[in-house]
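Produce the complete structure using the sequences and hints provided.
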Amino acid sequence: MKLTALLTNAAMVLGLATGVAAQDKTKVGFIYVGPVGDGGYTYQHDQGRLAVEEHFGDKVETVYQESVPEGADAERAITQMALNGADLIFTTSFGFMDPTVSTAKKFPNVKFEHATGFKRADNLATYSARFYEGRTVMGTIAGMMTKTNKIGYIGAYPIPEVVRGINAAYIAAKKVNPDVEFNIIWAYTWFDPAKEADAAKALLEQGADVLMQHTDSTAPSAAAEKAGNVITFGQASDMAEYKPTPRVSSIIDDWSPYYIERVQQVIDGTWKSTDTWGGIDSGMVAIGEITGLPEEVKKAAEAIRDQIASGELNSFTGPLNRQDGTPWLAEGETADDETLLGMNFYVEGIKAEMPN
Amino acid sequence: MDLSSINPVLLVASLMVAATPILLAAIGELVVEKAGVLNLGVEGMMITGAICGFAIAVETGSPWLGFAGAAIGGAALSLLFVLLTQVALANQVASGLALTLFGLGLSALLGQGYVGIKPPPTPRLDIPFLSDLPGLGPVLFGHDLILYLGIALVAAVWAMLKYSRAGLILRAVGESHDAAHALGYKVVRIRIMAILFGGACAGLGGAYISLVRVPQWTEGMTAGVGWIALALVVFASWKPWRVLLGAYLFGGITVLQLNLQAAGVAIPVEYLAMSPYLITILVLVILSKDKSNAPASLGKIFHASH
Amino acid sequence: MIVLEKRPQPSRNWSLATPVLAVLATMIFGGLLFAALGKNPVEAIRTIFWDPLFGEFAFYYRPQLLVKGAPLVLIAIGLSLGFKAGIWNIGAEGQYIMGAITGAAVGLAFYPLDAWYVFPLMVLGGALGGWVWAMIPAILKVRFGTNEILVSLMLVYVAEQMLASMSLGLLRNPEGHGFPGSRNLNDYAAANSWIHQNAGLHWGVAAALIAVIFAYVLLNRHMLGFHIRLTGEAPRAARFAGVNPARLILFCLGISGALAGLAGLFEVAGPAGQITIDFNIGYGFTAIIVAFLGRLHPVGILLAGGLMALTYIGGEIAQSQLGLPAAAIQVFQGMLLFFLLALDLLTNFRIRLHKKEAA
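The listed protein sequences derive, respectively, from chains A, B and C.
At position 241 of the first sequence the residue is numbered 240 (numbering that gives the first Met the number 0), and the sequence of numbers has no breaks.
At position 240 of the second sequence the residue is numbered 239 (numbering that gives the first Met the number 0), and the sequence of numbers has no breaks.
At position 269 of the third sequence the residue is numbered 268 (numbering that gives the first Met the number 0), and the sequence of numbers has no breaks.
No lab work stands behind these hints, which were simulated from the structure alone.
Where is the CB? At the ideal position from N, CA and C, for every residue including glycine.
Any given hint could turn out to be false.
Which chain B residues face chain C? A few, computed with CB under 8 Å, are given here [said to hold, decoys possible]:
(1) A87
(2) A97
(3) L103
(4) A272
The calculated label-pair distances, taken between Cβ atoms and stated as ranges, are [stated by the list, open to error]:
(5) B:P120 to C:G168: 38 to 44 Å
(6) C:M222 to B:I300: 24 to 30 Å
(7) B:V284 to C:F239: 27 to 33 Å
(8) B:I300 to C:F28: 23 to 29 Å
Keeping only pairs whose Cα atoms sit at most 30 Å apart, straight-line, the calculated BS3-like set for lysine-lysine is [said to hold, decoys possible]:
(9) B:K238 to B:K299
(10) C:K38 to A:K24
(11) A:K297 to A:K242
(12) A:K242 to A:K225
(13) A:K58 to A:K26
(14) A:K174 to A:K146
(15) A:K26 to A:K104
(16) A:K242 to B:K117
(17) A:K225 to B:K117
(18) A:K174 to A:K298
(19) B:K117 to A:K146
(20) B:K117 to A:K297
(21) A:K118 to A:K104
(22) C:K38 to A:K58
(23) A:K146 to A:K242
(24) A:K26 to A:K271
(25) A:K105 to A:K24
(26) A:K58 to A:K24
(27) A:K271 to A:K105
(28) B:K299 to C:K5
(29) A:K242 to A:K173
(30) A:K350 to A:K297
(31) A:K297 to A:K146
(32) C:K5 to B:K185
(33) C:K38 to A:K26
Right under this line is the structure:
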């Protein structure tokens, strides 16, 4: 223990010393769970990496490894980047949490950033985006646009992150359209275009005319385009190839500002382990261009977006009850992050049962 | 829960679409296995067909050329399997697995420039009156042409196996390659043709996913369909019409499962997803009493020792 | 005209030379592929084959070779026994998953009890889980004559669904904020398979080595091993020699299932740490290839497992250091397998130039 501490201190002194006279490039590593060509989640992280390269030019070198399986392989991939001189490593999927934690222990001088997790250390920060704020905007559009009052929602797995999004979208949709109903399909996969397309078709055949998704491929948009008269939203990336319809807007994970900021802090030596949960205000969640919608819907959606950004509106504001009717939030009360992070219940009004 | 929101006509129409990729790949694999060859590389050939078809359709603007390209791409990949198993006499199980690995990698390399592009639409059959008939119209006459090609292939393979001399020879080769060889049939040549046919069918099945069912290109988009196709051949006990039935059953379970969820039924998805495989095992057990269906030489290496 | 003539005995020289030839051929064609992708082929090949063993950070990669190779060898050894006897278990992936689930479940049931017997019980649980899963095709084959290739393959998909169900339900970490996945067994000392983590040593590595020795002794020194070989080479003769085919099927499938289950248990209790939806990454299928690359010989399997592990680890280094896409590495591995399988021809056959007889 003493020895480790000693080594750490020595290394820190050295690190500071070299930091002052830093001539060499700062090396930034990225560990991706999917291929960079997935057109969604991983693609968007890679856009963040490219933005870092562009912003810093010669001062920074980036490396990445794609399609890293969670578990033992992840730990090796992260370690290998640390060994090869990465100063800062972003691990971009929840499943990389424990491998990142144990690698961070072994490399006290390297900075780590883990996306969507909850374990931190002195050299391990966490970051995530309040995607649900985007869902509030999309839910508003959905509620205003639906004619059948049926909104189809494709979720990946029944986990808090996805449930949160469903609730946020439902609350927003219900506000503008009290008759709205949510049909929910769990795909039990993050990424399977054929299955997502089938799920989209099933929802459309049952009368949904708005599709929302919390899976990663653009297949639902493609299915909607084929069916016609249906609107969809881009998920994770803008999915601009389906503009102006069926994709009428999107929730974009824009990691670029965060990545650039954190890399800058490493260069400056001001990096600290933090827990960032950024929303629309920080730019981490961006609302893609609103296309193909009536002017008043567009205005309403933009107003919601701006209210969330300014802090005027919270996606989860009482009075709200849980699905079983028990009270959750009183009038004017807003949800705390703890409840949101572990959210495992639907809000009142959603008819579907949660699988467990 | 509102089961009345499930429209049975649309359900059947969409299960036919969902079943077609499996159907195409399985009918090809059926011919391969009838010839006594077990090619576990279906997934690799499908994904290769998916990207070849997609790329060619995008470049030429013609979905038909795309499907043709997919068939050629799938067959080209199966040529590797031919070289390994028919020329170099390597083990078929290992070669097939290697083929899948290779195909997944190759398709991802080929597809790097095609992410986020939309393919040209594949035309649907549109017969005045018939396609608009309530009920039957969308089920029978409202699909794209490839779906009908799939059904036609089933019929053709059935007729070929049952009535033609070629079918007889194919079965003879699959039952006992030594006897077929002794009768003067070119065992290796027949098997090569069967494998190439299987590759072309798998390629078509893959392209059906990337050009019709989804339609777009993403890495790994076949997501295990090739393995289901393999299961299906067994499920069907090597009978073409049962392949069709089985494909609709598999497709039907997927589509019905999603429809039930959409209607608000809380079903244990994982257990339902297991059911096709458990049913297949059950069918295997029932069938194993009647040994006549499985090609006797399946998976065995043939070497003519004169 | 070129004619293949079957050798009475597989050639010893060729069986040693072909793997080397195959690796060389892969280097050449792989190099061309990397060059086509705009990378320096020599550097890429060196990164894949040299760096993990002798590069700057070899101290880290060498132990990792053990971590990556151990499950492959352990599973492949079990499979090879059946393959030798003509019993085709290709569902090791499913047995691997079930072993991990049952083994981890035993451990998690004791959490947080700190007792010496927790890990041994988990080992038993893991072996039992894999064994039971393999017994399904075995019993169906013995009782009904059902094809074990297909049943064992189908059970892989069933196991995968079980894995998803367990990660989301029964085994989900109660303190995991609702995310799928079990507790991490690396944080539970009594249920941990590491012996020396920095050296890459866990009980799975030890078990793999023991399995190699066990298989070698069994095949060369034991009656049962003789029966296995005899059944594969001359099934009819085996019957005359008094081999009970049903018992052989139960034994071969059972042992391969148990070993695959053990591999799953050691993986979940060590390198992977937890049961998650994506816990299985194809070791069960890759092990089939490893078994064939090793020519179904225990020592050969050991070497083949090492080679596979090398291409995995080297491939990962090439990805992150040279920016090679993951797909290129997959293609490269595919090539290696093709060449290894194809060149095996030279071991079993003699190629002769043969004048076509005049008609």
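Hints, verified against the model:
A distance limit of 8 Å between C-beta atoms decides the matter here; for A87 of chain B the minimum to chain C is near 4 Å, and the interface restraint holds. Of the supplied interface hints, the one on A97 of chain B holds, with its beta-carbon coming within about 4 Å of a beta-carbon of chain C, less than 8 Å. Interface hint status for L103 of chain B: upheld, as the beta-carbon distance to the closest one in chain C is roughly 6 Å, under 8 Å. Interface hint status for A272 of chain B: upheld, as the beta-carbon distance to the closest one in chain C is roughly 5 Å, under 8 Å.
Look at P120 of chain B against G168 of chain C: about 42 Å separates their beta carbons, and that is inside 38 to 44 Å. One distance hint, 24 to 30 Å for the beta-carbon pair M222 of chain C and I300 of chain B, holds here, with the actual separation near 28 Å. Between V284 of chain B and F239 of chain C the C-beta distance comes to about 30 Å, which sits within the given range of 27 to 33 Å. Taken as a hint, the range 23 to 29 Å holds for the pair I300 of chain B and F28 of chain C, whose Cβ atoms sit roughly 25 Å apart.
Distance hint between K238 of chain B and K299 of chain B is fulfilled; the C-alpha atoms sit about 21 Å from each other, no more than 30 Å. The straight-line distance between the Cα atoms of K38 of chain C and K24 of chain A is roughly 22 Å, inside the 30 Å bound, and the hint therefore holds. With a C-alpha separation of about 15 Å, the suggested pairing of K297 of chain A with K242 of chain A holds against the 30 Å cut-off. Taking the CA atoms of K242 of chain A and K225 of chain A, the gap is about 14 Å. The hint holds against a cut of 30 Å.
Of the pairs offered as hints, the one joining K58 of chain A and K26 of chain A holds, with about 9 Å between alpha carbons and a cut-off of 30 Å not exceeded. Restraint check: the Cα-Cα separation between K174 of chain A and K146 of chain A comes to about 15 Å, which is no more than 30 Å; the hinted pair holds. Under the criterion of a C-alpha separation no larger than 30 Å, the hint pairing K26 of chain A with K104 of chain A is consistent with the structure, at around 19 Å. Taking the CA atoms of K242 of chain A and K117 of chain B, the gap is about 12 Å. The hint holds against a cut of 30 Å.
For the suggested pair K225 of chain A and K117 of chain B, the alpha carbons sit about 12 Å apart, so the restraint of at most 30 Å is met. Using a Cα cut-off of 30 Å, the hinted pair K174 of chain A and K298 of chain A holds, with the two alpha carbons roughly 16 Å apart. Between K117 of chain B and K146 of chain A the CA atoms are separated by roughly 28 Å; this keeps the pair inside 30 Å, and the hint holds. Simply put, K117 of chain B and K297 of chain A have alpha-carbon atoms about 26 Å apart, close enough for the 30 Å limit, and the pair holds.
Under the criterion of a C-alpha separation no larger than 30 Å, the hint pairing K118 of chain A with K104 of chain A is consistent with the structure, at around 12 Å. Restraint check for K38 of chain C and K58 of chain A: the C-alpha separation of about 23 Å stays at or below 30 Å, so the hint holds. At roughly 21 Å between alpha-carbon atoms, K146 of chain A and K242 of chain A fall within 30 Å of each other, so this suggested pair holds. Taking the CA atoms of K26 of chain A and K271 of chain A, the gap is about 17 Å. The hint holds against a cut of 30 Å.
The suggested pairing of K105 of chain A with K24 of chain A holds, with an alpha-carbon distance near 22 Å, which does not exceed 30 Å. Pair hint K58 of chain A plus K24 of chain A holds up; C-alpha atoms about 5 Å apart against a cutoff of 30 Å. Our distance criterion of 30 Å between C-alpha atoms is met by K271 of chain A and K105 of chain A, whose separation comes to about 18 Å. For the hint linking K299 of chain B to K5 of chain C, the alpha-carbon distance of about 16 Å falls within 30 Å, and the restraint holds.
With a CA separation close to 26 Å, the supplied pair K242 of chain A and K173 of chain A stays within the 30 Å bound. Restraint check: the Cα-Cα separation between K350 of chain A and K297 of chain A comes to about 28 Å, which is no more than 30 Å; the hinted pair holds. Proposed proximity of K297 of chain A and K146 of chain A is supported: the alpha carbons are some 17 Å apart, at most 30 Å. Between K5 of chain C and K185 of chain B the alpha-carbon distance is near 19 Å, which keeps this suggested pair within the 30 Å criterion.
Between K38 of chain C and K26 of chain A, the direct Cα distance comes to roughly 20 Å. Compliance with the 30 Å bound is thereby established for this hinted pair.
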